[in-house]
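K.L.:
In case you want the letters, here they are:
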Amino acid sequence: MIEVQSLSFRYPGAERDALQGLSLQVKAGSLFGLLGPNGSGKTTLISILTGLLQPGAGAISIGGEALPTGMRMVQGFSALVPQDYAFYPRLTVGENLRFFGGALSLGGAELDARLQEVSAVADLESFASTRAEHLSGGLKRRLNLAIGLLNRPRLLFLDEPTVGIDPQSRQFILDAIKRLNAEGATVVYTSHYMDEVQQLCDSIGVLDGGKLLARGTLDELLKAHPGQRNLEEVFLHLTGRRLRD
Amino acid sequence: MVIVALIRKELMLLIRDWHALALLFLMPAAFILVMSLALQGRFAADQAVSLSYYLVDQDQSPASQGLVQQLAVAPELKREQSVEPVDTLRDAVHADKAQFLVLIPKGFGAALDGIAPLAIQLQSGPSVEPAVSELFTARLQGLLAELYLSKRLGILGVSLPDPAGAQKLLHADSLYAAGARPSSVQQNVPAWLLFAMFFIAIPLSTTWVQERQQGTYARLRSMGMSPVRLLLGKLVPYLGITLLQAVLMLAVGVWLVPLLGGGRLELGHAPAALCMMALAASFAAVSYALLVANLVSTAEQATIFTGVANLLMAAVGGIMVPRFVMPVAMQAVSLYSPMSWGLEGFLDVFLRQGDLRMAAPWALRLLVFGLVCLGLAAARLNLRRRS
Numbered sequence: 001m002i003e004v005q006s007l008s009f010r011y012p013g014a015e016r017d018a019l020q021g022l023s024l025q026v027k028a029g030s031l032f033g034l035l036g037p038n039g040s041g042k043t044t045l046i047s048i049l050t051g052l053l054q055p056g057a058g059a060i061s062i063g064g065e066a067l068p069t070g071m072r073m074v075q076g077f078s079a080l081v082p083q084d085y086a087f088y089p090r091l092t093v094g095e096n097l098r099f100f101g102g103a104l105s106l107g108g109a110e111l112d113a114r115l116q117e118v119s120a121v122a123d124l125e126s127f128a129s130t131r132a133e134h135l136s137g138g139l140k141r142r143l144n145l146a147i148g149l150l151n152r153p154r155l156l157f158l159d160e161p162t163v164g165i166d167p168q169s170r171q172f173i174l175d176a177i178k179r180l181n182a183e184g185a186t187v188v189y190t191s192h193y194m195d196e197v198q199q200l201c202d203s204i205g206v207l208d209g210g211k212l213l214a215r216g217t218l219d220e221l222l223k224a225h226p227g228q229r230n231l232e233e234v235f236l237h238l239t240g241r242r243l244r245d
Numbered sequence: 246m247v248i249v250a251l252i253r254k255e256l257m258l259l260i261r262d263w264h265a266l267a268l269l270f271l272m273p274a275a276f277i278l279v280m281s282l283a284l285q286g287r288f289a290a291d292q293a294v295s296l297s298y299y300l301v302d303q304d305q306s307p308a309s310q311g312l313v314q315q316l317a318v319a320p321e322l323k324r325e326q327s328v329e330p331v332d333t334l335r336d337a338v339h340a341d342k343a344q345f346l347v348l349i350p351k352g353f354g355a356a357l358d359g360i361a362p363l364a365i366q367l368q369s370g371p372s373v374e375p376a377v378s379e380l381f382t383a384r385l386q387g388l389l390a391e392l393y394l395s396k397r398l399g400i401l402g403v404s405l406p407d408p409a410g411a412q413k414l415l416h417a418d419s420l421y422a423a424g425a426r427p428s429s430v431q432q433n434v435p436a437w438l439l440f441a442m443f444f445i446a447i448p449l450s451t452t453w454v455q456e457r458q459q460g461t462y463a464r465l466r467s468m469g470m471s472p473v474r475l476l477l478g479k480l481v482p483y484l485g486i487t488l489l490q491a492v493l494m495l496a497v498g499v500w501l502v503p504l505l506g507g508g509r510l511e512l513g514h515a516p517a518a519l520c521m522m523a524l525a526a527s528f529a530a531v532s533y534a535l536l537v538a539n540l541v542s543t544a545e546q547a548t549i550f551t552g553v554a555n556l557l558m559a560a561v562g563g564i565m566v567p568r569f570v571m572p573v574a575m576q577a578v579s580l581y582s583p584m585s586w587g588l589e590g591f592l593d594v595f596l597r598q599g600d601l602r603m604a605a606p607w608a609l610r611l612l613v614f615g616l617v618c619l620g621l622a623a624a625r626l627n628l629r630r631r632s
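Just so you know, the sequences run in chain order U and A. Using the numbering used here, you'd call the opening residue of the first sequence number 1 and step up by one each time. Using the numbering used here, you'd call the opening residue of the second sequence number 246 and step up by one each time.
A couple of the hints might just be wrong.
Unchecked claim - Cross-link-like lysine to any residue pairs, in silico, SDA-like; alpha carbons within 25 Å at most:
1. U/LYS140 with A/ARG466
2. U/LYS140 with A/GLY460
3. U/LYS140 with A/ALA544
4. A/LYS323 with A/GLY387
5. U/LYS178 with U/LEU24
Hint data in this document are derived by calculation from the structure and do not stem from the laboratory. For clarity, every value in this text was computed on a predicted model and none was experimentally measured.
So that you can see chain U by itself, here it is in the shape it has in the complex (with noise of 0.2 Å):
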């Protein structure tokens, strides 16, 4: 689904790359895991992918269209839920899906459906009327979620959508990715919670100053660092105990 190819990319008036010569495949159909301390590349990768930013040097391919060419063939088929409640507080549940729906060109009937689709999958159907800004953080994150379905993606970048939010919210969440991963979605997932990512992901990639450290299964992982219990342990191996903030 994904095939990157050495891709460097250098911020205006920045001392170095924010990635450097970085390739990377992610399969169509995994849940794919993005690790990464803060500043790692993490962000700016998915902001390349998903057209917020213009790649630099290297090669990018996402469902056999090239990019940048083939962004807006991309962007029809792919789907961004960022960290931030990227949504309007004042407006309810509802305007807020009916708007992002307007803006994906959806109308009439169709757009009806979408309303009712994505709402069932985020349980948010008793909550339409009520105005975004007071949702408890969990339907916040919920609303997130189902802002990004509203197109059906075929390929889901999750930029932390776990973020500050109680146990069971965050399960009902990790429930719904698995259930879109099982209907064929590709998920490109990012998260510092490593249990999250060793449960629901198929695949991971620990990213570190703009490069790919490792990539593999959790066994891959496992394997290939010995003396490392678990994929925090493997993670710190990989990127160090130094604070990045």
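Mind docking chain A on chain U? Use the hints.
P.N.:
For chain A alone, coordinates are given in the frame of chain U:
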């Protein structure tokens, strides 16, 4: 469909923002009402002049009585009747209870016949403007000259056949009817309307900054929303809002100000020119707001920048101080303010019977200003997108 969704969203957000609604609609309405009523007598050139004075006649001679009568029939002078002593009346003038104190000293009439006439004392209050003081002094001097001349000629055995004959040597008229100066309501309605239109930059840029900070802007872009659509999605609804401001503020001038005792706003005879000016001013204000929204990084910056820039444009552009009372040099400077272009265009329509052709140069300036702002906003948006 996408544009409709964007417009609907902007309108819903604005309707739920009471502070923005107050800023956009209540503030200008309040300014129009207060300023139109407060400055009602200060604008129009055909206003009736009324100068108030106390008079103390210590002489009580035929000459002083004659002068008192002449003053009493002068239409622009209004005597405040009082029998208080001179010092009390002087205090009253000092306290602005009347503008002038005229004191005719004892022996005034008798001295007119001699070689050393006694001077009448004229004192003005502290808030009397120099020009007003000059006016009263000139009027009094004219009457005294007439009195003095008739006395002197009387000594020679000659009488004035027509004491008021000198007035026929001058015919004074005002060009007000030709549109030299606006009335209070003609000045204040377009002035505060333009002021409020340019304040659209605060809600617009605040919303945009929040969209950037909350990630909705990034989400929309990741959905393939083009910068042109994003700009149009702001431009169109906010144009509608500024046009609504225009309609409501004109309605305040036409119906509400007269209800409260002010003058009625006459809209002129060229509705097409009026619509053109409203559209041009709206476009300039919203484009300027889009530029501000793309220049600032935080809502605080947007509020401070807009506040300061708008106050400067208003101060220079004849909104707060009408252009016609500015010195010539400042009048020239004021023509660099977009608010001034809008104001002059509206005044052409309201005051000078302006039509499309007469108002077009002002509308064109606003249009060019709007296009430049829009171009810079698009360039800044593109730059921000790349970084």
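K.L.:
Need the list of violated hint numbers for this structure, in ascending order.
P.N.:
none
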